[in-house]
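**Q** Whenever a hint applies, use it, and build me the whole structure from the sequences.
Sequence lines, in order, name chains D and B. Mapped onto the numbering used here, the consecutive letters of the first sequence carry residue numbers 731 to 1118. Mapped onto the numbering used here, the consecutive letters of the second sequence carry residue numbers 731 to 1118.
Possibly wrong hints are sitting among the right ones.
It does not matter which identical chain is meant; a pair holds if it fits inside one copy or across any two.
[Claimed, not checked] Lysine to any residue pairs mimicking SDA-like chemistry, simulated, CA-CA at most 25 Å apart:
1. K856 / F961
2. K891 / C790
3. K840 / G816
4. K1050 / Y1064
5. K1080 / Y899
6. K995 / R1039
7. K891 / I1107
8. K1080 / N964
9. K840 / M947
10. K1003 / M775
11. K1111 / D858
12. K1017 / I732
13. K1111 / D749
14. K835 / M947
15. K840 / H814
16. K963 / P1052
17. K745 / D817
18. K1086 / N962
19. K862 / N1116
20. K891 / Y1013
21. K1080 / S960
22. K1028 / N1000
23. K1080 / H818
24. K742 / Y753
25. K963 / D945
26. K835 / I946
27. K767 / E1112
In short, the hints are calculated from the structure, not lab data. Computed from a prediction, not measured in an experiment: that's the story for all the values here.
Number of protein chains: 2
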Amino acid sequence: MIYFDNAATTFKKPKEVTDAINYALVSYTNSGRGAYKAALDSGRMVYEARVKLASFFGACDPSRVIFTSNATEALNITLFGLFHTGDHVISTVTEHNSVLRPLYKLESTKGVGLDFVGIDECGRLKYDEFEKYIRSDTKAIVINHISNVSGEIADIEYVGKIAKKHNLYLIVDASQSAGSINIDMNKTGIDILCFTGHKSLFGPGGTGGIVINSDIMLDTFKVGGSGVQSFNKNQPSEYPTRLEAGTLNIMGIAGLSAGIDFINKTGKANIHKKEMQLVKRFYNGIKDIDGIRFYFDKESLENEPENIRHGSIVSFNLKKIPSADLADCLGEDYDIAIRAGAHCAPLIHKAFHTEKEGIARFSFSYFNTEEEVDETIKAIKEISLNYR
Amino acid sequence: MIYFDNAATTFKKPKEVTDAINYALVSYTNSGRGAYKAALDSGRMVYEARVKLASFFGACDPSRVIFTSNATEALNITLFGLFHTGDHVISTVTEHNSVLRPLYKLESTKGVGLDFVGIDECGRLKYDEFEKYIRSDTKAIVINHISNVSGEIADIEYVGKIAKKHNLYLIVDASQSAGSINIDMNKTGIDILCFTGHKSLFGPGGTGGIVINSDIMLDTFKVGGSGVQSFNKNQPSEYPTRLEAGTLNIMGIAGLSAGIDFINKTGKANIHKKEMQLVKRFYNGIKDIDGIRFYFDKESLENEPENIRHGSIVSFNLKKIPSADLADCLGEDYDIAIRAGAHCAPLIHKAFHTEKEGIARFSFSYFNTEEEVDETIKAIKEISLNYR
Chain D
731 MIYFDNAATT FKKPKEVTDA INYALVSYTN SGRGAYKAAL DSGRMVYEAR
781 VKLASFFGAC DPSRVIFTSN ATEALNITLF GLFHTGDHVI STVTEHNSVL
831 RPLYKLESTK GVGLDFVGID ECGRLKYDEF EKYIRSDTKA IVINHISNVS
881 GEIADIEYVG KIAKKHNLYL IVDASQSAGS INIDMNKTGI DILCFTGHKS
931 LFGPGGTGGI VINSDIMLDT FKVGGSGVQS FNKNQPSEYP TRLEAGTLNI
981 MGIAGLSAGI DFINKTGKAN IHKKEMQLVK RFYNGIKDID GIRFYFDKES
1031 LENEPENIRH GSIVSFNLKK IPSADLADCL GEDYDIAIRA GAHCAPLIHK
1081 AFHTEKEGIA RFSFSYFNTE EEVDETIKAI KEISLNYR
Chain B
731 MIYFDNAATT FKKPKEVTDA INYALVSYTN SGRGAYKAAL DSGRMVYEAR
781 VKLASFFGAC DPSRVIFTSN ATEALNITLF GLFHTGDHVI STVTEHNSVL
831 RPLYKLESTK GVGLDFVGID ECGRLKYDEF EKYIRSDTKA IVINHISNVS
881 GEIADIEYVG KIAKKHNLYL IVDASQSAGS INIDMNKTGI DILCFTGHKS
931 LFGPGGTGGI VINSDIMLDT FKVGGSGVQS FNKNQPSEYP TRLEAGTLNI
981 MGIAGLSAGI DFINKTGKAN IHKKEMQLVK RFYNGIKDID GIRFYFDKES
1031 LENEPENIRH GSIVSFNLKK IPSADLADCL GEDYDIAIRA GAHCAPLIHK
1081 AFHTEKEGIA RFSFSYFNTE EEVDETIKAI KEISLNYR
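**A** Encoded structure:
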């Protein structure tokens, strides 16, 4: 199988990650419950993972790294924990349903006000709209760092300055960016970053988290066993326990932690460069196909790979071929795994007028090869010629 | 290490489970997202796990098996999804904070009424109290199947009849029972069962679930990406998607599914018998130590192992030794891992008057041995003699 659905989940994991998972299976028990060596070792491993993640994302306080089961949970905890009746939120049409659906629920149940910044035909945000939408009750900007549909990178530095100027919180969905491009929360003024472990951080499924780099005290979401303060009727108020109830996914966290090690060892810039080489090679190989329509800023791909500001995603539609047909054809006839359809991001399809046909998405990882790209280019050209 | 903290998490997993996790790491991608073979295989594996779990617990509908990251999440989803202002709940003092804290939060935020059935000095529920607490607004009985402190098994058949007679929902926290004793939801009238994967089901951490065996439509909890109905502003209303948002823990579910296979192959009765042999051997070895105080019905251990109705837990305090000291001593001097303290179950300690000293808990698994039990008996006797 040629696997180009890495924006959904990276398939090939570094050996370090599978080794860490297997080590965890025979070494760790439970974190924060029990005072025997294996429990203390588990607790130390989890704490070290918090330290690594805080450092990785340029955040100050490891105890404000909260583990969740995926980015969706991180975003639910963050959004339901932050917004109440009387608040207004500015978000964007590039958001995934993991942001949109919590926001819509807040709108319908608590009357939270919502505005969404639009995009142009290349998927670039209309940055001038952010300030236009700001009201006296605006509490935060919630923004997708890299669109899982277009691969466009939002200019977080710019949006961070607007947020700071107007005293708004900046909440970033880093599902597609964490591990793929460098993120520095301190530098860019991100207050809360929500990430998933199983994509570009190379961790296993069932992992993700929230990194809080401000004094925000999010409301509790899940409450329950905490291993401490058992006689307190409420969830303990301190981070990380405030937002972590129940037994942690120790094996998953061990794998995620090893994924961070792998990225640090390999170098974030090297990983991004490799991914951009693949993106550029792929784009150059298919750009002249008759009737192809891309959904990102093609000019940015004219730079050298190390200077390209783009996610590791190339999305397009081919003439009248519905994206699902293209994906099926690639899967069945060529064993090439890609994604079609709406990608859980409805508003961007409304902006691109692709609600019906969806968009075919090819997403790359550090572990993909040029040969895989070339084979896929050949397949797409064949399909393009033969499709009626 | 001799590991007797299996009530927190089983440490030794069957080879089938670690094999399944490693197979998942190189075979599965993402369930319900993508139409290529590896995604479809992942989806089939997850669906098969739902079928197995429904059958395992005597429930009718695999699509009402919901995957969560642990029992705490399962209980949060269930309790916050079921109870609203105007409802009254009957629970018990044996509950874990994963039940108590959600109930207290419902009480303080929505005015949900709470009553807790008490226990006697052996940890047995005062069954006559259930009907006494029933009011016109009582909606459900929420009950811990096996106490994680005493190991006492609640008589679910009896409570199920009361629930049925008064048209109440029966919600069961099976954290300690799932995999350790047989559960038949159809037969006992359990409407919702919440379980964790990483204890007696031998799955990895980060797994758990809800089994719904009734027509209850729980409110959504987390909302977000669902892979289907992307243009619906709400989480899809159908189970299991209704309660599952975001990417599932595929590797974890594969491991849990293999755990179920292991139990089915080994036989639930054989596993319970083995655990009761260990419990009985341990109890008999320590019962005559001067000043020992047990926290369960000792008479039940006089039966043959296959007929003992008890969880795989033996809890006690030894004279004036604080439980934490006993645990530390066993851990440091003998490399025996046990648990001390409150075990996240505050009300049972109020009933036992053990808020201060806690209780020392020894919890066994199918993979423990008689030799480990004997060594631990010896250690406890030594500590008992030498402690001043």
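**Q** So which of the earlier hints does this model not fit?
**A** 5, 7, 10, 11, 13, 17, 19, 20
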